[in-house]
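Engineer: Below, each chain spelled out in residue letters.
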Amino acid sequence: MTSGTETSADAVRFEHVGLVLGENRILDDVCAHVPRGKFTAVVGPNGAGKTTLTLAILGQIRHTGKILFPGLDEAGQSPRFGFVPQRLVFDRDIPMTVMDYLLSGIQRMPLFLGRSRRHAERVMQYLDEVECTRLADHAFGALSGGEIQRVLLAQALLQEPDILILDEPTSGVDFKGGQICCELLRRVREKRGFTQIMISHDLATVTAHADHVICLNRKVFGEGEPRVALTHQVLSETFGLHLGLPDLHGIPRDVRECPEDCPLRHEHEHLHDHCHVDGPEHGCACGHHDHGHGKETGHAE
Amino acid sequence: MLNELILHISDLITVFFPLDCMEPEFMRRAMLGLLLIAPLAALSGVQVVNSRMSFFSDAIGHSAFAGVAAGLIFSIPVEFSMPALALVIGLLIMYLRRGSHLSTDTVIGIIFSAVVALGLAIVSRNREASRGVNMFLYGDILTIGDDEIALLAVLLVAFLVFQFFAWNRMLHISVNEQIAGVHRIKVSVYQYLFAALLSLVVILCVRAVGVLLVTAILIVPAATARNFARNSRQLFFFSLIFSYVSCAGGLLISAQRWAGVPAGAAIVLLACSLFAVSFAAARIRPK
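Chains L and B are the protein sequences, given in the same order. As numbered in the working numbering, residues 1 to 301 make up the first sequence, in order. As numbered in the working numbering, residues 1001 to 1287 make up the second sequence, in order.
There could be a bad hint or two in this list.
[What the hints assert, rightly or not] Facing chain B, a subset of chain L residues (Cβ under 10 Å, in silico):
#	residue
1	P85
2	V89
3	D93
4	T97
5	L103
6	G105
7	L111
8	L113
9	L158
[Claimed, not checked] So these bits of chain B aren't anywhere near chain L, every CB distance computed over 10 Å:
#	residue
10	H1008
11	F1017
12	E1025
13	F1026
14	L1072
15	L1092
16	R1125
17	V1133
18	E1148
19	V1154
20	L1155
21	A1158
22	L1212
23	A1248
24	G1260
25	P1262
Please keep in mind that the hints were generated in silico from the structure rather than gathered at the bench. Glycine included, every Cβ here is placed at the ideal spot set by N, Cα and C.
Isolated chain L, as found in the complex (with noise of 0.2 Å):
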């Protein structure tokens, strides 16, 4: 484990934190770091205290030790953050276009008085970055599960944040696809240059998208980049019985790490542009995996 041992290339920094509701205890000596301006990934099972860890770097939760943001907390500013929920719950029948939900976290005009040129141009703006510009005036209660969540995004986006937390964001939604999803958010942050926290379920995605990875079960079991902190061990400790997982460090992270010999290498660095866009569900012909690699968890980046 390597934490605590970085400085200013981190976002947020976890010192011994720890939380008891009850008298369950949710987070146990939590040391831990985030890289800032990278993607990283916050694994483990159902009730290992990630959702709850989050809170804690939002300030929502009570706890003891040390969560850390250096640089802002020299200056005495705390962060800027973005949040998606994993599911969102409300009144789907209030009578509210997106373009109604996006301005009415910024603007400060009442929308019953119209709406800001400036302010609706910024949300046209950020719908775009998620592919939604058509959905600017549809009722944000008929929208599907995967539509909502791509306006939450701009919706974070919006607060220009220093660090966006994403809790689950790909789960039992229709958003193209993990894959997709994680593509879309790479390149707003290459943009953007904010930190991404995201919880996930989904191994494979992890390990093709997120350049840091923190295996939580209460405990911190391990951290680092994925290909090299993912151990069979780390698994085994994170989730408990370990099924099994394809080998994730057989996967290549970029197409142009296909072996010399590979038949389509070629033919890889041209459709991996259609692979991004339409991801692997949606007709993308690469046989990337099939030959040379052998590995069954689709898609690397």
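Add chain B to chain L, keeping to what the hints say.
Structural biologist: Okay, now just chain B, sitting in the frame of chain L:
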């Protein structure tokens, strides 16, 4: 001076409602009171429906009994004791709701029961109070006084200022409190302010339609507006329109010889009729 001002304004009512039934001064005052109540009820109703707080407003309405009782015990005018107690109850409910693990329904249910029981206990021991209870049970807008009209006007100004700054944020909070909080909206400030203003609105609306119907005058115009509105702006204006039509129309209907019903009942019946029509229209022509 206040009396003259209200007299002058109520004279203007006849310009907009040139009807025989508007000739008596008490009718013009009643209409003036309702024209002040209508926007208060409509806009707070929108947020009551969005935030599912109808039980909250019901509890505040029922605190009128305890408010009357408190006025008698401490020998203070009920015009003061009722809003004061409503304010305390409203803020207490919000405090318990935010600060305890009890569900909102349970918190309100307990306080609701306590204030009604307290009111009934005291009122049953005091004949003078029991005579006044009917007025709060059914409402009596026709006897509204100058002080109450002035209080409504002040509350309307305060409420509109609040709506100007809080309409968007309240909408955001009603979708998800947690997201709103993370995105730097001061959720507790908005909720406490709204609870305080709503408590005052409810208790003053009790004057118009009574304890039994006070929740209806808030939520029915807002619910009707929901059937037509496609966005937040339309919701605002439609709820105002339906509230004005219900309040003014209800008073006019109650003044007709053929009707012979109290103003409160007529207002709520008209509001519910408009809701029924809007509901049918929305079913025929989906939004």
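Engineer: Evaluate each hint against the coordinates.
Structural biologist: Tested hints:
1. P85: holds (7 Å)
2. V89: holds (8 Å)
3. D93: holds (6 Å)
4. T97: Constraint on T97 of chain L satisfied, holds at 5 Å.
5. L103: holds (7 Å)
6. G105: holds (5 Å)
7. L111: holds (4 Å)
8. L113: Hint on L113 of chain L: holds, closest Cβ of chain B at ~8 Å, below 10 Å.
9. L158: holds (8 Å)
10. H1008: It holds; H1008 of chain B is separated from chain L by about 30 Å at its closest Cβ, greater than 10 Å.
11. F1017: holds (26 Å)
12. E1025: holds (34 Å)
13. F1026: Label holds. Min Cβ-Cβ 34 Å, cutoff 10 Å.
14. L1072: holds (41 Å)
15. L1092: holds (24 Å)
16. R1125: Check passes; 44 Å lies beyond 10 Å.
17. V1133: holds (36 Å)
18. E1148: holds (28 Å)
19. V1154: holds (21 Å)
20. L1155: Label holds. Min Cβ-Cβ 19 Å, cutoff 10 Å.
21. A1158: At roughly 16 Å from the nearest Cβ of chain L, A1158 of chain B sits farther out than 10 Å, so the non-interface label holds.
22. L1212: holds (26 Å)
23. A1248: Nearest chain L Cβ is 21 Å from A1248 of chain B, so the label holds.
24. G1260: holds (37 Å)
25. P1262: Consistent with the label, P1262 of chain B stays out of reach of chain L, its closest Cβ about 32 Å off (over 10 Å).
Of the numbered hints stated above, none is contradicted by the structure.
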